[in-house]
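K.L.:
Chains as they are written, first to last, in this note's numbering: chain A, 1 to 405; chain B, 406 to 948.
Check the hints yourself; a few may be wrong.
[As the list claims (entries may be wrong)] Here are the simulated lysine-lysine pairs, DSSO-like style, with alpha carbons at most 27 angstroms apart:
#: 1; chain 1: B; residue 1: LYS679; chain 2: B; residue 2: LYS704
#: 2; chain 1: B; residue 1: LYS871; chain 2: A; residue 2: LYS307
#: 3; chain 1: A; residue 1: LYS156; chain 2: B; residue 2: LYS679
#: 4; chain 1: B; residue 1: LYS868; chain 2: A; residue 2: LYS307
#: 5; chain 1: A; residue 1: LYS156; chain 2: A; residue 2: LYS197
#: 6; chain 1: A; residue 1: LYS72; chain 2: A; residue 2: LYS118
#: 7; chain 1: B; residue 1: LYS495; chain 2: B; residue 2: LYS529
#: 8; chain 1: B; residue 1: LYS736; chain 2: B; residue 2: LYS723
#: 9; chain 1: B; residue 1: LYS868; chain 2: A; residue 2: LYS6
#: 10; chain 1: A; residue 1: LYS199; chain 2: B; residue 2: LYS687
#: 11; chain 1: A; residue 1: LYS310; chain 2: B; residue 2: LYS868
#: 12; chain 1: B; residue 1: LYS942; chain 2: B; residue 2: LYS879
#: 13; chain 1: A; residue 1: LYS197; chain 2: A; residue 2: LYS86
#: 14; chain 1: A; residue 1: LYS6; chain 2: B; residue 2: LYS871
#: 15; chain 1: B; residue 1: LYS879; chain 2: A; residue 2: LYS307
#: 16; chain 1: A; residue 1: LYS197; chain 2: A; residue 2: LYS118
#: 17; chain 1: A; residue 1: LYS6; chain 2: B; residue 2: LYS529
#: 18; chain 1: A; residue 1: LYS146; chain 2: A; residue 2: LYS199
#: 19; chain 1: A; residue 1: LYS310; chain 2: B; residue 2: LYS879
#: 20; chain 1: B; residue 1: LYS437; chain 2: A; residue 2: LYS156
#: 21; chain 1: B; residue 1: LYS715; chain 2: B; residue 2: LYS736
#: 22; chain 1: A; residue 1: LYS310; chain 2: A; residue 2: LYS15
#: 23; chain 1: B; residue 1: LYS453; chain 2: A; residue 2: LYS86
#: 24; chain 1: B; residue 1: LYS704; chain 2: B; residue 2: LYS687
#: 25; chain 1: A; residue 1: LYS98; chain 2: B; residue 2: LYS723
#: 26; chain 1: B; residue 1: LYS529; chain 2: A; residue 2: LYS138
#: 27; chain 1: B; residue 1: LYS942; chain 2: B; residue 2: LYS868
#: 28; chain 1: B; residue 1: LYS547; chain 2: B; residue 2: LYS490
#: 29; chain 1: A; residue 1: LYS118; chain 2: B; residue 2: LYS687
#: 30; chain 1: B; residue 1: LYS640; chain 2: B; residue 2: LYS547
#: 31; chain 1: B; residue 1: LYS640; chain 2: B; residue 2: LYS723
#: 32; chain 1: B; residue 1: LYS453; chain 2: B; residue 2: LYS490
#: 33; chain 1: B; residue 1: LYS679; chain 2: B; residue 2: LYS736
#: 34; chain 1: A; residue 1: LYS70; chain 2: A; residue 2: LYS98
#: 35; chain 1: B; residue 1: LYS679; chain 2: A; residue 2: LYS138
#: 36; chain 1: B; residue 1: LYS640; chain 2: A; residue 2: LYS72
To be clear, the hints were calculated from the coordinates, so they are not data collected in a lab. What you are looking at is a predicted structure, and each value in this text was computed from that prediction instead of being measured.
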Amino acid sequence: MRLFHKTNIDFLGAKKAFIATSIALILIGTAALVYRRGPNWGVDFTGGAQIVFAFSSRPDENQVRGIVEKAKVPVQSVQRYDRPEKNQVLLRVPLQAKEGRDVAGEATRALTAALFPKGLEPGTFDLNLQGAGPLEAKLEQDDPEKLAERPNADPKAEYKRIAAAIIGQRSSRALFASIDQAAATPGVSPAVAQWLKEKTVVGPFTLISADNVGPQVGHDLRRKGAWAVILSWAAMLAYIALRFRSPSFGTAAVVALIHDTWITLGLCAIFQVEISLTVVAAFLTLIGYSVNDTVVVYDRIRENREKSRKEPLAQLVNRSINETLSRTVITSGLTFLVVLALFFLGGEVLRGFSFVLLFGIIVGTYSSIFIAAPLVIIWEEWKARRAAAKPAPAAVAAGKASRGR
Amino acid sequence: MKKPTGWRIALTLAVLVGSVVAYLWRGREALKVSPTAPPNPTIADVLKNGLKLGLDLKGGIHLVMQVKTADALRLEAQDAVEHLKAEAGKKGVALGPISVADENGFAITLTDATSPSALKDLLKSSLSPTDWQIEERGREWKVVYRDGARLDIEAQAVRQAVETIRNRVDALGVAEPAIQAQGADRIVVQLPGVDDPARVKEIIGTTGLLELTLVDDKGGPYSSMDAALQAYGGKIPDNLHVVEGFSEDADTRTRTTVYYVLQRAAAVTGRDLKNARVGQDKFNQPAVEFFLNAQGAAKFGRVTGDNVGKRLAIVLDKRVQSAPVINSQIKDNGIIEGNFTAERADSLALVLRSGALPAEMVVLEERTVGPSLGLDSIRQGILASVVGMLLVFVAVGLYYRLAGLNAILALILNSILLLGAMAWINATLTLPGIAGFILTVGMAVDSNVLIFERIREELEGGKMPKIAIDLGFKRAFGTIVDTHVTTIAAAAFLFQFGTGPVKGFAVTLVIGLAASMFTAVFVSHLLFDLVYGSKEKVEAVSI
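Isolated chain A (complex conformation) (with noise of 0.2 angstroms):
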């Protein structure tokens, strides 16, 4: 089977037009970001906090966001989160002045208070919220099996070994929905599932992740991810300089890079992807890869221009893209396959980062297809225009002026 057979498509020919499509969709990307006030940064970057609940049936976010307003934690969005069966909640509260405020224990406590009284008084054990440890202990106390009177046994081993397989349970499906669901864990004897059913309790809601950065914290990682981001920018330039020897084949290659990384963020802001520290691991790796298919052309171009000297530096261009053209959309095709398959599989924590790979990949394999190459020809062009302007001094003023014309 084969693509893209001995083409020979004139890419350079329409250049102005690739270039004026570019400029479009940074203009679009652009207005995009100056819409939404710059980027969706994420809690990673802004500070604040994210906290997520499960529920054991469908959450109402207007109460989620009253019960915990009322107890004043500063609510800036309750949204529902992940698929709808799993009955989940995201809740966004803003950065706190002060640092180390544990917003996700004060909700935590606020939704036990509305929600669950019960589970507030002294002696209630909510298995949803408690963890294997206490368990054990609350077991090993009541000792419902025995044990204590049996000769043989082990009661502290064998309760750590019932605990652990009870809060595995509840693990491999975010809470129970009821006491039964708890009782009917395998391994657990009729004896501790009468236990649990008397002496302890299924909240109607669990933890399922938290995340809180102070200003700190916060400060520290945009300033890391901002270097990070210019000098991969940096080494890719000076890398592809140094390979190529040339200063118009890095340039050119570096351009491309921001058009991909750039025209990317727009897209971000347009689907109002938020970023998170994934999503700027996922830029700096489009960084890293979108580069290869500009090198890959070079590489030709560099190749040919050593076997045929005297051809046209447009047309020798124009050749090595035609030459590379099916191995770049037959790689970035494969790589594309695999982000499909983590975008639609990968779950809701790697969305964004997939996002920015799937609409990376395509922004790069277009830009190393139709910008990178055509740009060393502008540049190659230009140079030879004040190269030939240069020589003599007086018509350095005309050659302003025709330009200028």
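Since the structure of chain A is already known, use the hints to place chain B on it.
P.N.:
Showing chain B alone in chain A's frame:
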């Protein structure tokens, strides 16, 4: 084109077997130390444990905490002041009022009775001149830390905090905790596999400073700060201070905040504690009983004996828990009441047993991943990886036929090598790391495509099949190196910048790409040689 020589086959097999063995060995080692391992692990259990999982997959807590070192500096300055007062008493030097104003040291206000030269001699003789510096400004003298001493005290406070947190975490029974000092005053705490984050956070973050302090005769409780001030005519004497507490209605069990006036110097502190355990208060509610060591008991006995009929405040982390009347001399034990739940009382006893933190701790960053989210992430990550790989296999197989099969074998080896290497260096697999794993598959196949496209070109250029294959590998090599260098450079920046999960991604990506240099170039070439190398004449290549 060469015949498939023995050493190339041997090397490839050695790498394959080595990776598998490294992975299985690591899995077995992990099972040996795992507290939740089944008694007779199956091969599936071993496979599950080959890689160390990050907090985002295993569930757990990541905390960055800041030690308020100012607290420690203040305490140390307070000690120096006490020492100075004692020395002044011995030598008969008159001191003016002394106050520890901030964390830099303390200030002495000279009175008419103070002789500046005598005070200077006293300061020089009783405080180490390498630690303290005296700044004379008229009648207001400041005694401040020198930088060396300040840094020492701060470092000591951080070390002690790390130690205390470690004790508490060990008491909780968390497997494989990581507690490290970071920078001047930060501590990073990573606790994998924690299933009740709220309790663990509370246990780590509570200072746990217990003070037993006499309540002043007019010490309240007062309903407000102002009321307390008024009782003392607007100014609380220097040796006393106001501390918040609560009073509880015995019938309705509701709490209101009240204010006590206590002596500034505690009679006994948590440093003199021998043990603490859960007990019961007079309402049969859970409470914490504590026991003092010999030194503490002697002090406590003296104070309670001298002050029968007065009240003693039990102060925990600068809050009065209760202030019972001393009925008779008490020696070595007491009880802390506070309407605790059984779990809270249990946590508090644990905190008191492990000793107080040297200073208040502030959480700068918290990442909590519940166990169910971790499990979910693993399931989704594996599904996405398998589907992504299969998609690539099908596409490559259809497009390059037999050569595609070659690439598929190289990719499978690449994955095995990546897993084996990660197990070998005990790298941590994170959720972005799983993404890195499948991205590597997509990128590793890049090298194969480069080579195959090149071979096709050479074939079209009229080269003989065997020569075309060799040329394809040779000519594509430079480009392959280029593409790897750029991606690995980007990953290096990622490693520098990233926190745990992102670092895991960078590590996976770098190892995967390095492995692909071996599999796509060396192994893939060997596979071609195995198919075509021994034949005299090759008519066509399936590519």
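K.L.:
Within a Cα-Cα threshold of 27 angstroms, do LYS868/B and LYS307/A meet the stated pairing?
P.N.:
Satisfied, since the Cα-Cα distance of roughly 18 angstroms is no more than 27 angstroms.
K.L.:
Regarding the pair LYS310/A and LYS15/A, is the alpha-carbon distance no greater than 27 angstroms?
P.N.:
OK: LYS310/A and LYS15/A at ~23 angstroms, within 27 angstroms.
K.L.:
Going straight from one Cα to the other, do LYS547/B and LYS490/B come out at no more than 27 angstroms?
P.N.:
Given pair LYS547/B, LYS490/B holds - Cα atoms ~15 angstroms apart, limit 27 angstroms.
K.L.:
Please verify whether LYS868/B and LYS6/A have alpha carbons no more than 27 angstroms apart.
P.N.:
holds (17 angstroms)
K.L.:
Given the hinted pair LYS6/A and LYS871/B, is their Cα-Cα distance within 27 angstroms?
P.N.:
holds (22 angstroms)
K.L.:
For LYS736/B and LYS723/B, compute the direct alpha-carbon distance and say whether it is at most 27 angstroms.
P.N.:
holds (23 angstroms)
K.L.:
Is LYS704/B close enough to LYS687/B, meaning Cα to Cα at most 27 angstroms?
P.N.:
Since the Cα atoms of LYS704/B and LYS687/B sit roughly 26 angstroms apart, the hinted pair holds (cutoff 27 angstroms).
K.L.:
Are the Cα atoms of LYS453/B and LYS86/A separated by 27 angstroms or less?
P.N.:
The given pair, whose Cα atoms are some 26 angstroms apart, holds under the 27 angstroms limit.
K.L.:
Does LYS723/B sit within 27 angstroms of LYS640/B, going by the straight-line distance between their CA atoms?
P.N.:
holds (20 angstroms)
K.L.:
LYS679/B and LYS704/B were given as a pair; does the straight-line alpha-carbon distance stay at or below 27 angstroms?
P.N.:
holds (14 angstroms)
K.L.:
Decide if the proposed pair is consistent with the structure: LYS640/B and LYS547/B, CA atoms, cutoff 27 angstroms inclusive.
P.N.:
holds (24 angstroms)
K.L.:
If you draw a straight line from the CA of LYS942/B to the CA of LYS879/B, is it 27 angstroms or shorter?
P.N.:
With a Cα-Cα distance of about 21 angstroms, the restraint between LYS942/B and LYS879/B holds, given a limit of 27 angstroms.
The structure fails to meet hints 17, 26, 32, 36 from the earlier list, while all remaining hints are met.
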